[in-house]
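Go ahead and model the full structure; you've got the sequences and the hints to work with.
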Amino acid sequence: MKLDANIPSGSLGQKWSSHKSSIRLVSPANKRNIDVVVVGTGLAGSSAAASLAEMGYNVKAFCFQDSPRRAHSIAAQGGINAAKNYQNDGDSVYRLFYDTIKGGDYRSREANVYRLAEVSANIIDQCVAQGVPFARDYGGLLDNRSFGGVQVSRTFYAKGQTGQQLLLGAYSALNRQISKGNVKMYNRHEMMDVVVEGGKARGIIARNLTTGEIERHGAHAVLLCTGGYGNVFFLSTNAMGSNGSAAWKAHRRGAMFANPCFTQIHPTCIPQSGEYQSKLTLMSESLRNDGRIWVPKDKKDAEAIREGKLKPTDLPEEKRDYYLERRYPAFGNLVPRDVASRAAKERCDEGFGVNATGQAVYLDFSSAIERYGKTEANQLGITNPSKEKIIELGEKVVASKYGNLFEMYDKIKDVNPYKSPMMIYPAVHYTMGGLWVDYNLMTNVPGMYALGEANFSDHGANRLGASALMQGLADGYFVAPYTVGDYLADEIRTGAIDTNSEAFEKAEADVVERIDNLINSNGTRSVDSFHRALGKIMWDKCGMARNAEGLKEAMTEIKALREEFWKDVKVPGRKDMYNPELDKAGRVADFLELGELMCLDALTREESCGGHFREEYQTEEGEAMRDDENFAFVSCWKYNDEPSKAELVKEELTFENVELKTRSYK
Amino acid sequence: MNLTLKVWRQNGPDDKGHMEIYPVKDINPDMSFLEMMDVLNEELISEGKDPIAFDHDCREGICGMCSMFINGEPHGPERRTTTCQLHMRSFKDGDTIVVEPWRSAAFPVIKDLAVDRAAFDRIQQAGGYVSVNTSGNTIDANAIPVPKQNADKAFNAATCIGCGACVAACKNSSAMLFVSAKVSQYALLPQGKVEAKERVRKMVNQMDLEGFGNCTNTGACEAECPVGISLENIARMNREYLSASLSSAE
Ligand SMILES: Cc1cc2nc3c(=O)[nH]c(=O)nc-3n(C[C@H](O)[C@H](O)[C@H](O)COP(=O)(O)OP(=O)(O)OC[C@H]3O[C@@H](n4cnc5c(N)ncnc54)[C@H](O)[C@@H]3O)c2cc1C
Ligand code: SF4
Ligand code: FES
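Residue numbers (our numbering), protein chains in the order written: chain A, 1 to 666; chain B, 1001 to 1250.
Everything labelled a hint here was simulated from the structure, so no lab data went into it.
Glycine included, each C-beta is placed from N, C-alpha and C at the ideal position.
Wrong hints could be hidden among the right ones.
Stated by the list, open to error - Derived lysine to aspartate or glutamate pairs resembling EDC-like cross-links, with alpha carbons at most 16 Å apart: (1) K411/A x D1050/B; (2) K570/A x D1050/B; (3) K1148/B x D143/A.
Claimed, not checked - Selected chain A positions facing chain B (in silico; Cβ < 8 Å): (4) E54; (5) R176; (6) M240.
Stated by the list, open to error - Non-contacting residues of chain B with respect to chain A, defined by C-beta distances greater than 10 Å in every case (computed): (7) W1008; (8) H1018; (9) A1151; (10) Q1191; (11) Y1241; (12) L1246.
See the structure below:
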């Protein structure tokens, strides 16, 4: 099987505009007879559903939460990138493109990434027009901050609630279309399967989560905007309901899964505090603008801190090791996420960790508070301010930038981060892998699209901060609405999709059978106990560092766990009413397959790149060793009875505009 | 910590519902309230009993999904805190904790502690948007400067997480704080001004249709709102509404 990415010809800068102008259109009269199903209402789904409805298609949108506004995008904190160059610091479309390719460790497609950078500026215009309240400076203009892996300030933000504000903007556009009757919204509905008929996606089977009813929805195109699968690790920064099921169902129906092992471990999360822990909380990367990361220089001091005999604030400057500033002077605390995470793990593995479990490092704002306090005092014309005054003023500035994050930390840890450094540790955060899509965001199954975190398209082996929000909105507002039309131009004569066909019957029967198996399995173990066990295998053997032996073990263990699950899981309650345990059971069952594929992917990628760090492939200083000669490709997996038998198809990556270099942030 | 929970159990919308008592043992004070509920549910499942249904997703205080009425207060005893961000250290060993769903005719119970808040969506659909197409063919984002003070106020109003605690807190089940937050956000921004009058009329109208009660200015909503949406927004909405009614009477 060969995969064609359908990249338009022409120079990098012209591909999208010439492609867009040659895309076929569907006339307004025909659009009214075409149905589109959009699964997911995060940034990608809400924006796509609103845009397609506005263009005249009949749209049905689905989400499993009780409102589209609660999609996981709501939780994004730090910001969204755009090549606006408002700060006049030399930013440009090309630079954003280049930073993203380099940040992704040269494992993404040039053409897609360039298009993303190209449309980024428009996203900000669009959002402002919708009334998204971005942060502004005293002149009333939009403010920016920096994120990891770059040397410009191109991140737009709304305090620590950027995702919330962007999602509410997209939700408002969606609401406008719902009120016009152009979108029919299905809340508390879960997509259980995609229906593929005659080689094309023709609709979905959904389950009403409040009544348990199974529904058939026919469509001429199905857009999966269902987010990432980080929860395969059980503990992650994702929302509790985030899952990989929609993508996995699509995979089982023929869609290729690309680079499943590329997961992002975020360096700044609140460390785990106990076995009962249900999820991990992110502390936005924006904090690395002002926070300095350190551990004690001396192991003895680290020990004393762990035992509660020494306080971090008692340790003088010269006894602290600001290890990122030491190892990567050019980028310091703002190195990309994968680099920062591995560096934290390295220090903790060496015995320098600072909490009881030894798995935490400090993120310290004292220098920033002092610096801001001094500037503020100057501006206010206070001469010779006292130390207290400086700190008071500085804390105010820090509060205005990160107030809600500091509050959140305080609530969770019961420690005031203005007075004592935060403790942080890496945690699973984002999945770069996902459904394989071509330049038009279509999977290899015609009529089936994947947008947002659910696809693999733009971030290679590591995503830069503030680029997921950008990608979600780019896909939904500006890319899919055009490219889907090109496919639908051939569907104008199809007529309404018959949901009584054999394919729908069969898909529904499969769904019902599976639900029955879950609800009738009279086992002894809770769904969560299996999920936790899977998470532990994944974190230990397919997490921040991986090796061949561990991955092979993990595959055997996951397979055994999966068999155990189907024999011994206990799902309480009924299938014909609201039953969150049943919903969860279905999602965990899919994770138990996806996890194995992730390990297989990690095993076959015999190099280290981005978030994928194979211990066998590292330099003497412990930096990742990429192998462009043998691995400059996208690993695309075709389903074959079970995960371990998946077939590998390679999409070779060609770089015509950037030179492949060893990533250096030194 | 050892605690006694009294939890509202209701097996579906048509069931009458009742309180049930559950002892919980060995609770770590660093657990969140929902993690404590997870522990109880694991136990119920292992005893072959029906676990307690409740809504939650982000567990970070931002999605607005969690919604428990704890000891007579929406989201429990801490100020500016959602149920998922409430930690057990806020309680004492030996405490009895009463847990109920949001109570309002406009929020029917689905099961146990989970309620249906679709009425909030319908209010937003009635006018909670700026009528701009998503084509991106708009003016440059910096073409219209917005005074920082207004931008900040609009942002504060926009941080409403749509949880419904304001309704649950109000003896009249009024949704004024929620609706006024959206009305204010747009009224404070030049982009939203154009349709301000029509918006407030439509949203208030829908709010009334959904069966939310009247506002009698008790301020309970502001006190219980987990993100601190201010009563100032209700005052602003009243002004907007008045001016909209006056202009429609002209
Ligand atoms: C804590 C946190 C902070 C972040 N901060 C940032 C940031 O500052 N900047 C940045 O750029 N990125 C950030 N990210 C990443 C970014 O938020 C996500 O990648 C992005 O929001 C994903 O958007 P999405 O639209 O693809 O999916 P989501 O927002 O995850 O939406 C998924 C949708 O699919 C629905 N769904 C899923 N499965 C089904 C199913 N089977 N049936 C029906 N519906 C289904 C859900 O209901 C939901 O509506 C952050 C992520 C986290 C976890
Ligand atoms: S105003 Fe406050 S209490 Fe009411 S829905 Fe919004 S966030 Fe919740
Ligand atoms: S679970 Fe999202 S706000 Fe509580």
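Consistency of the hints with the structure:
1. K411/A x D1050/B: Measuring from Cα to Cα gives roughly 31 Å; hence the hint is violated.
2. K570/A x D1050/B: Holds, because 11 Å separates the two Cα atoms, which is no more than 16 Å.
3. K1148/B x D143/A: Cα-Cα ~10 Å, so holds.
4. E54: holds, 6 Å
5. R176: With Cβ-Cβ at 4 Å, under 8 Å, it holds.
6. M240: Holds: closest Cβ of chain B sits about 6 Å from M240/A, inside 8 Å.
7. W1008: holds, 15 Å
8. H1018: holds, 17 Å
9. A1151: violated, 4 Å
10. Q1191: Non-interface label on Q1191/B violated, nearest chain A Cβ at 5 Å vs cutoff 10 Å.
11. Y1241: The claim stands: Y1241/B keeps its Cβ more than 10 Å from every Cβ of chain A (closest is about 19 Å).
12. L1246: holds, 24 Å
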